[in-house]
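Novice: Sequence:
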Amino acid sequence: MDIKLQATKLNGHVSQIKADTTSDETVLLNTINPTPKHKKTSKNNITMYICGYLTPQQQIVHSVVGFVLIWCIYGASYYTFNRSNYPQQYSIMTSTFSFLGSWDSERNPKGWYWFTTGMILSFFVEIPLLMYVYQRLKHVDLKLAKVSLVFWFMGVCAQFLVGCFPDANSIIFGKTKFSDIHNIVAIVTFLSLLVGAPINGALVAYDRPGSCKKIGKKNMLSHRHTDICIGLVITSICISVIFSILWQIVYPIMYAKDPSIGSNWSAAMNTIWSFPLWENVVIFTLYLYLIWFPFTLPRRTDGICPKQRLSTSFNKISLNQIQLKTDLSRTWFQILNSKKVNVRNAANLLEHISDCEEVEYLLSYQAVVVLTIIAEMINNKQNSAEVKKTLKEFTKNSNELWNWEQTLKQCIK
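Counting in the working numbering, the sequence shown tops out at residue 722, every number present.
In case anyone wonders, no lab produced these hints; they're calculated from the structure. Think of the CB as a built atom: it goes at the ideal place given N, C-alpha and C, for glycine as much as any other residue. Any given hint could be a false lead.
[Said to hold, decoys possible] Using C-beta positions, here's what the derived DEER-type ranges look like: (1) 492 / 570: 21 to 29 angstroms; (2) 433 / 566: 47 to 55 angstroms; (3) 370 / 414: 36 to 44 angstroms.
Could you build the full structure based on these sequences and the hints that come with them?
Specialist: Next up, the structure:
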């Protein structure tokens, strides 16, 4: 077969291939080249964004812009707090994070609204990121990922309410104060994240090399920074819980020896037992997690490595029952069923192609053709220069932004 002639014949016409195949073949081709469930249009761009279908570049911009803006707002609240309480300053050893949002005269009466704005803005920034994480973790274990998403969603919703109900002593109705509701939603926030973070940790652990043999999935996560990121969150939460519990044991003993130490709250100030200290540590760590963790996840959203797609697609359907009518499908099957083809290297190529922005949600027919050409040329032991020349001929009129230099380094050894 003249593979260059085949490439010339198919170049520029790949997207126009008619669906004149049998139903079985159509199903198989759709397995290789799935129709995206969420096609980007002007009508559903906002929905796509909220649901976490972001490109890595969009996720980076969203995180950086969103969290820089949030912490600038918190900075304004911190500044007004210090101005209102001069010479006393905000300290993580004595002041809870919520003090920044309290309009009580001894806290932040002139800048409490900055804190509320930051908390509410955090809700809108974090929702797309939680969905972005879910769209990737669900391929490790769908049920666990859903449970994790529920708890994280509860946490950010409660965080929204923390901003709406500041830690202030003003009465809302009856004897109920703003601080009463604030404390309840703050506890809900903490407990939700206390459950959600370890579940994400379990998904990370389950995805580690050697732990997915049962389901036969390729590891989805890099496990270079992912473990560190999730470990920081779980560690900070566990340490804060441990110190809070231990203080309830230690304080009665200390008070029995010296009642002058004061209340449970005041006695812990400026010590390692300080509740504000560990609350601030957990909050800072959670914000770090929300920025860092999405960066550690893979670019791909389909959750199936190319090698698996090749093997599972062709093992499930008997090729003897399929009538191959198009040049594309015929060439594709002939190449893949040849025992001499280096499918591993060809699969590596497809993985790189699927990582490109232009085809992140869809493995195009054009990508399939290029993979076919590469597989055939590898089989014929043609060198890297010849493969590169053919690729240039095939793609010189293409608008696809594929990094062939990087691809060839991975594909041609």
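Novice: Does each hint fit the structure? Answer for all of them.
Specialist: Now the hints, each set against the structure:
Against the hinted window of 21 to 29 angstroms, the Cβ-Cβ separation of residue 492 and residue 570 comes to about 24 angstroms, which satisfies the hint. Taking the beta carbon of each, residue 433 and residue 566 are about 50 angstroms apart, inside 47 to 55 angstroms as hinted. Restraint check, residue 370 to residue 414: a C-beta distance of roughly 41 angstroms satisfies the suggested window 36 to 44 angstroms.
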